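Build the full structure now, drawing on both the sequences and the hints.
Protein sequences, first through last, are from chains A and B. Every letter in the first sequence is one number past the one before it in the numbering used here, and letter 22, counting from 1, is 363. Every letter in the second sequence is one number past the one before it in the numbering used here, and letter 95, counting from 1, is 123.
Since the hints were derived computationally from the structure, they do not count as laboratory data. Check each hint, because a few of them may be wrong.
With a cut-off of at most 30 Å between alpha-carbon atoms, the simulated DSSO-like pairs for lysine-lysine come out as follows [said to hold, decoys possible]:
1) B:K42 - A:K344
2) B:K37 - A:K453
3) A:K379 - B:K85
Source: prediction; values computed, not measured.
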Amino acid sequence: AQKVTQAQTEISVVEKEDVTLDCVYETRDTTYYLFWYKQPPSGELVFLIRRNSFDEQNEISGRYSWNFQKSTSSFNFTITASQVVDSAVYFCALTPYSGAGSYQLTFGKGTKLSVIP
Amino acid sequence: DGGITQSPKYLFRKEGQNVTLSCEQNLNHDAMYWYRQDPGQGLRLIYYSQIVNDFQKGDIAEGYSVSREKKESFPLTVTSAQKNPTAFYLCASRTGAGSGNTIYFGEGSWLTVV
Chain A
342 AQKVTQAQTE
352 ISVVEKEDVT
362 LDCVYETRDT
372 TYYLFWYKQP
382 PSGELVFLIR
392 RNSFDEQNEI
402 SGRYSWNFQK
412 STSSFNFTIT
422 ASQVVDSAVY
432 FCALTPYSGA
442 GSYQLTFGKG
452 TKLSVIP
Chain B
29 DGGITQSPKY
39 LFRKEGQNVT
49 LSCEQNLNHD
59 AMYWYRQDPG
69 QGLRLIYYSQ
79 IVNDFQKGDI
89 AEGYSVSREK
99 KESFPLTVTS
109 AQKNPTAFYL
119 CASRTGAGSG
129 NTIYFGEGSW
139 LTVV
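As structure tokens, this is what we get:
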């Protein structure tokens with residue numbers, strides 16, 4: 342069984358502050374993918390990043406960065422110098438990597454981020 | 029433009045009626061998915077299809093049905109057997125292994141029972 346836990350239900354920050362969204366996962370699979378998605382008020386889920394379990398390099402994309410630590414089963418997401426447009430619900434998700442598998446995503450319950458101007 | 033199109037965006041259903049949500053993709057993806065989202069909850073898998081004319085139940089398939097007659101289309105029918113259908117429904121499709129098996133989503137459909 343797989344599980345994704347996003348312990349932070351809601352976070353509020355003032356614009357330009359840095360903020361980290363936590364994601365902890367459980368899986369028995371040795372290889373898997375981790376994802377982060379952004380859901381703005383319009384509802385669409387926007388893909389942000391995919392990370393393979395065998396690649397533990399951290400990644401930076403503009404103001405976004407991701408810290409993957411296999412030893413603690415965590416895949417945290419940091420937004421630097423937050424902006425109002427970052428206000429959204431952010432989901433962490435997990436799927437096993439299994440060649441011809443179905444790649445069904447298991448989602449956390451999401452963290453609602455509010456950036457206050 | 030390539031993408032996943034869901035329609036309608038908003039749908040109202042009377043109790044006892046079946047309704048069908050449309051999902052079309054022009055990304056040439058083989059696999060497609062339907063997820064349900066309830067307020068304050070993560071997404072839960074209803075059905076998925078890895079290839080035309082084949083589909084599998086997800087975690088909450090009861091009261092729903094799907095078809096996959098064309099690669100581009102994966103419609104979801106919410107039947108009268110679904111006891112609590114009011115929710116946000118998201119369709120998704122997946123790239124192949126060469127692109128990292130990444131799952132992309134449509135804009136979603138809001139279904140309300142009146």
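Against the structure, the hints come out as follows:
no. : hint           : result
1   : B:K42 - A:K344 : violated (35 Å)
2   : B:K37 - A:K453 : holds (23 Å)
3   : A:K379 - B:K85 : holds (26 Å)
Of the numbered hints stated above, the single one contradicted by the structure is hint 1.
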